[in-house]
Amino acid sequence: AQSVTQPDIHITVSEGASLELRCNYSYGATPYLFWYVQSPGQGLQLLLKYFSGDTLVQGIKGFEAEFKRSQSSFNLRKPSVHWSDAAEYFCASSDRGSTLGRLYFGRGTQLTVWP
Amino acid sequence: DSGVTQTPKHLITATGQRVTLRCSPRSGDLSVYWYQQSLDQGLQFLIQYYNGEERAKGNILERFSAQQFPDLHSELNLSSLELGDSALYFCASSLPGQGNIQYFGAGTRLSVL
Numbered sequence: 001a002q003s004v005t006q007p008d009i010h011i012t013v014s015e016g017a018s019l020e021l022r023c024n025y026s027y028g029a030t031p032y033l034f035w036y037v038q039s040p041g042q043g044l045q046l047l048l049k050y051f052s053g054d055t056l057v058q059g060i061k062g063f064e065a066e067f068k069r070s071q072s073s074f075n076l077r078k079p080s081v082h083w084s085d086a087a088e089y090f091c092a093s094s095d096r097g098s099t100l101g102r103l104y105f106g107r108g109t110q111l112t113v114w115p
Numbered sequence: 001d002s003g004v005t006q007t008p009k010h011l012i013t014a015t016g017q018r019v020t021l022r023c024s025p026r027s028g029d030l031s032v033y034w035y036q037q038s039l040d041q042g043l044q045f046l047i048q049y050y051n052g053e054e055r056a057k058g059n060i061l062e063r064f065s066a067q068q069f070p071d072l073h074s075e076l077n078l079s080s081l082e083l084g085d086s087a088l089y090f091c092a093s094s095l096p097g098q099g100n101i102q103y104f105g106a107g108t109r110l111s112v113l
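Read top to bottom, the protein sequences are chains E and A. FYI, the numbering for the first sequence is 1 to 115, going by my numbering. FYI, the numbering for the second sequence is 1 to 113, going by my numbering.
For the record, the hints were derived by calculation from the structure and aren't laboratory data. It is possible that part of the hints are untrue.
[Claimed, not checked] Which bits of chain E does chain A cover? Going by a derived footprint, with three or more residues having C-beta under 8 Å, they are: (1) 38 to 49; (2) 102 to 114.
[Claimed, not checked] Some chain E residues flagged as far from chain A (calculated, every beta-carbon gap over 10 Å): (3) S26; (4) W83; (5) S94.
[To be verified] Just a few of them, taken from the derived set where beta-carbon distance is under 10 Å, the chain E residues facing chain A: (6) Y32; (7) F34; (8) K61; (9) F90; (10) A92; (11) D95.
Computed from a predicted model, the values in this text were never measured in an experiment. Yeah, the Cβ is synthetic: ideal placement off N, Cα and C, and Gly gets one too.
For reference, chain E alone in the conformation it holds in the complex (with noise of 0.2 Å):
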């Protein structure tokens, strides 16, 4: 079965710097890969996927993420953090090529941001 870890429980940088969260999946095919958001009350919103090609992949808010095969990794970046980014994110990994589409879910970073 597939697995997510997100080696990071809390994160804490100060509003204008650089942010990276760190991904790592265990598969053994390369799966679809997602980046979530969970603000506080809300659902998980999707920041970005990867699912072939480019493995520099752009999403929403300004976050980016690569995929290194090498690595097994997938690792969200943004260059300069606003206090709106604060929020939990996940990490997910999902079947390729199955309609079988449950994801599979890292426990999650939680991003506080200094002002």
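Model the placement of chain A on the given structure of chain E, informed by the hints.
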């Protein structure tokens, strides 16, 4: 707004009771997924329905059941509730052929007292 609607937003009930959570998927989406989010287990997949048929089961307890109706809305039924069932329950929906992109509702927060 994801287009996925979940009701109610909050539910408070007692142990041993039964509740029903409702989900309306995005217009045109055929697949509905249910997930449970708790502090100790994180986000866990419960069950998937596709066009009215059960497609996949995850860590769903026997006390829990779900169905998807002809109009594609779905209900998750939780019975003989225990304190440990307190959690946030999410519904998500997707279209086939879109790489399993799932759109999530705002969730139903269940508190079992």
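Subject >> Hints that the structure is at odds with (numbers, increasing) >> reply: 5, 8
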